[in-house]
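**Q** Work the whole structure out from these sequences, hints included.
Listed below, chain by chain, are the residues.
2 protein chains.
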Amino acid sequence: MPDMKQKIAEANKAAAACLTDNDPWWVDVLPAGEVVEGLEDHMILHSGPPVDLDDMVMLHRRGMVSAMLFEGWAKDEKEAMELLHSGEIKIDSALNHNTVGAGTGIITKSLAMIVVEDRRNHTRAATFPAEGPFEGGFCGWGLYSKDIAENLRHMREELFPPMREMLAKNGGIALKPILAESMQMGDENHTRQTAADLLFDKIVLPQLFALDLPKEVIMQTIKYIVDTPRFFHCYGQGASRSAAIAADGIPYSTMVTAFGGNGREFGIKVAGLPGRWFTAPAPYMTGKYTSTKFTQADQLPWIGDSCVVEAAGMGGVAAAASPIVLNLRGMSLAEAIAQTREMEQITITHNPNFSIPNLDFDTLPVGFDIRLVLKTGICPTIHGGMFNKEGGLIGAGMARVPMECFEKAMKAFAEEYRDK
Amino acid sequence: MPDMKQKIAEANKAAAACLTDNDPWWVDVLPAGEVVEGLEDHMILHSGPPVDLDDMVMLHRRGMVSAMLFEGWAKDEKEAMELLHSGEIKIDSALNHNTVGAGTGIITKSLAMIVVEDRRNHTRAATFPAEGPFEGGFCGWGLYSKDIAENLRHMREELFPPMREMLAKNGGIALKPILAESMQMGDENHTRQTAADLLFDKIVLPQLFALDLPKEVIMQTIKYIVDTPRFFHCYGQGASRSAAIAADGIPYSTMVTAFGGNGREFGIKVAGLPGRWFTAPAPYMTGKYTSTKFTQADQLPWIGDSCVVEAAGMGGVAAAASPIVLNLRGMSLAEAIAQTREMEQITITHNPNFSIPNLDFDTLPVGFDIRLVLKTGICPTIHGGMFNKEGGLIGAGMARVPMECFEKAMKAFAEEYRDK
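Chains as they are written, first to last, in our numbering: chain S, 25 to 444; chain Z, 25 to 444.
Hints were generated in silico from the structure; no laboratory data involved.
Accuracy of the hints is not assured; some may be wrong.
For chains that are exact copies, the list does not tell them apart, and a pair is met inside one copy or across any two.
[Stated by the list, open to error] The list that follows gives simulated cross-link-like pairs (lysine-lysine, PhoX-like), each with its CA atoms no further than 20 Å apart:
#, residue 1, residue 2
1, K193, K239
2, K226, K239
3, K29, K435
4, K247, K226
5, K413, K312
6, K29, K399
7, K399, K435
Please read these numbers as outputs of a predicted model, since none were measured by experiment.
**A** Okay, here's the thing in structure tokens:
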């Protein structure tokens with residue numbers, strides 16, 4: 025048993041180092057089919073743990089149809105549903121791959137994805153960018169229309185090529201300094217990335233402008249970047265995911281590597297138990313609605329994987345860095361600080377890169393340990409957007425990851441490692 | 025006496041409204057001779073209260089010589105000193121005009137100045153921008169060299185014309201939204217304006233790109249903006265100054281409208297006592313030196329007018345917004361909040377535009393009332409840079425405005441208004 029404890033401690037140290045010592049760079053924009061490992065033709069990814077087609081919430085079912093139409097695999101909804109039911113289309117969790125299913129998390133091969141390379145962990149993750157005027161659009165909200173499809177083509181063929189040319193020229197853009205500095209400017213990098221957006225703009229805009237391309241070509245790319253709120257969100261997710269997947273498969277580690285919900289179930293993944301999900305009914309969020317007409321009855325339980333940022337030590341973990349986000353939910357500065365301090369009780373270490381003014385420059389906790397969750401009874405707090413059951417965002421808030429996920433994971437861990 | 029109290033209350037309400045209801049816009053870049061009212065040919069402005077040439081600290085004397093050489097009024101230092109002593113050159117406080125003498129505050133007619141127009145107060149203020157690679161350079165540090173002079177010409181003739189073209193096209197850039205948002209992102213807008221810089225960049229860069237000018241012309245202007253740390257500082261000063269001068273001359277008002285030091289004396293100006301200075305020996309700063317080799321013995325007492333931002337309710341007043349600045353001085357978040365709360369005891373009102381996350385969205389105090397300073401014994405806390413007596417910045421810190429300034433002002437106020 026002391027031997028086991030030591031093995032776990034060493035494993036968790038290595039796992040947490042994947043998160044704290046990571047070195048994420050934005051290196052390219054590529055079709056999902058080229059960069060998401062295991063994403064085959066006629067395959068659709070979605071957020072949260074795996075779910076059968078018939079059990080999917082409306083937003084996911086709609087997203088499946090949208091994917092069929094977008095890829096041209098079906099000519100209409102009827103044909104799409106038939107093909108989906110025929111078994112000819114493979115469906116999988118985004119978090120079973122090196123990507124992130126934010127919101128509905130609909131991902132197919134033709135989507136242009138932001139590619140993040142972790143130069144310490146030697147991993148890559150690909151995340152989908154916000155769809156400009158369509159916001160969540162196809163990927164995040166599971167919508168399809170001719171305009172949405174045309175916009176995705178426009179992004180892929182017109183907006184991203186100048187970015188690719190810039191990245192070929194500069195060798196990539198380091199993301200960690202942006203994340204670290206933004207954490208000292210009010211961002212927790214889940215619900216809010218206002219400073220990160222601006223820091224990104226300051227680096228990227230002059231480099232784009234310097235390209236030897238027609239001005240109108242460059243200007244439409246620049247306009248897309250500056251006019252898209254939370255543009256940096258997908259980079260934070262990519263940085264988080266490329267770090268976390270490096271920890272997947274470290275034997276004996278009890279560290280959480282992923283969180284995600286599908287609107288019915290919420291699941292976690294654990295470093296020492298690779299490829300497995302530990303699920304519970306998806307939680308509702310507490311927070312603030314965009315209108316007083318909404319109540320919990322309108323809310324879809326947690327959907328989306330953007331809480332991979334919490335798994336990497338940002339978002340809810342970083343509440344102290346962002347009283348502006350917590351205040352939107354009626355919480356005080358003191359409560360924001362308390363939220364981060366509470367997370368210290370269930371995390372493996374601290375991230376020396378995220379030194380927070382509101383913590384008198386103490387660093388943020390990072391790396392949830394399923395053992396500590398069970399021992400303390402404290403579940404991770406995660407931030408996110410609230411979806412209406414009928415579609416559309418109706419607020420922002422927070423939830424606790426269900427204890428049941430950790431109980432199941434701990435049981436599986438004990439079974440897995442009992443005789444080793 | 026109740027009548028007097030009421031008159032003062034009404035006057036202070038009007039004076040504080042100049043600060044809280046202001047509407048500053050960046051509208052132009054113009055030679056100081058065209059925009060600084062009362063700045064004549066053969067006239068040199070400096071920071072702080074008026075001071076005789078022979079009593080000037082070395083930094084100011086050197087600045088006077090630099091000004092003579094820069095304007096071509098003298099061919100060398102010897103001739104410059106002779107002319108300065110001859111009385112042919114007029115010397116005045118920058119704060120006796122619609123400008124701000126940050127640092128040494130050397131201002132002459134040919135300098136290109138950032139022009140801020142206050143569309144509520146119908147005032148204008150002009151402030152000098154940072155000198156790119158020369159940082160404080162001529163204006164802020166009082167230095168002169170051929171390279172510094174060439175850089176000032178380069179700024180005036182090459183870097184600023186694209187900005188002027190942009191401003192002619194867009195009708196000006198509103199500064200208050202930038203100040204307000206940056207206050208929610210860790211800036212107190214005296215020592216730190218990191219977020220303001222970025223918010224400014226996001227607005228200005230795409231508009232500069234879009235100009236119909238050769239790319240290399242635009243790129244050098246952009247490079248100047250993004251490569252100059254604290255570029256926005258002069259805009260914050262211009263916004264503050266254009267608001268404060270609107271309050272100058274409001275009868276019965278006991279509100280402070282300006283603060284500034286000349287390295288020997290520190291002075292304040294009061295709305296109801298226009299054109300007068302109330303001075304005391306300039307304070308030393310407490311804070312952090314850039315090297316352990318420096319002590320207070322190296323420090324020049326307070327020099328510079330950039331604390332006009334405190335007079336307008338930012339900087340030291342806004343400590344709670346910027347624990348990162350306070351921490352650099354060894355102070356905690358709790359102390360940062362306490363500093364702002366203390367300023368509430370000596371200010372007239374609150375600024376509804378500056379709602380601060382770390383105050384649970386309470387607003388910042390604004391408008392120092394000399395009566396409240398005397399009543400409470402609390403003097404305004406001002407932030408700033410520490411100058412070495414021999415020149416050069418050696419740290420950043422804070423000081424209290426000397427009580428003697430307020431005592432003298434109160435005495436003068438009583439004399440002025442006793443029989444009215």
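**Q** Determine for every hint whether it applies to the structure shown.
**A** Results of checking the hints against the structure:
In this assembly of identical chains, K193 and K239 lie within 20 Å of each other by CA distance both inside one copy and across copies; the values are 18 Å within and 18 Å between. Both within a single protomer and between protomers do K226 and K239 lie at most 20 Å apart by alpha-carbon distance, with minima of 18 Å and 18 Å respectively. In this assembly of identical chains, K29 and K435 lie within 20 Å of each other by CA distance solely inside one copy; the values are 16 Å within and 75 Å between copies. Taking the shortest Cα distances, K247 and K226 sit within 20 Å of each other both inside one copy (14 Å) and across copies (11 Å).
Taking the closest pair of Cα atoms, K413 and K312 come within 20 Å of each other only inside a single copy of the chain (16 Å); across copies the shortest separation is 55 Å, beyond that limit. Taking the shortest Cα distances, K29 and K399 sit within 20 Å of each other inside one copy (15 Å), while across copies they are farther apart (64 Å). In this assembly of identical chains, K399 and K435 lie within 20 Å of each other by CA distance solely inside one copy; the values are 14 Å within and 67 Å between copies.
Comparing the model with each numbered hint stated earlier shows that all of them hold.
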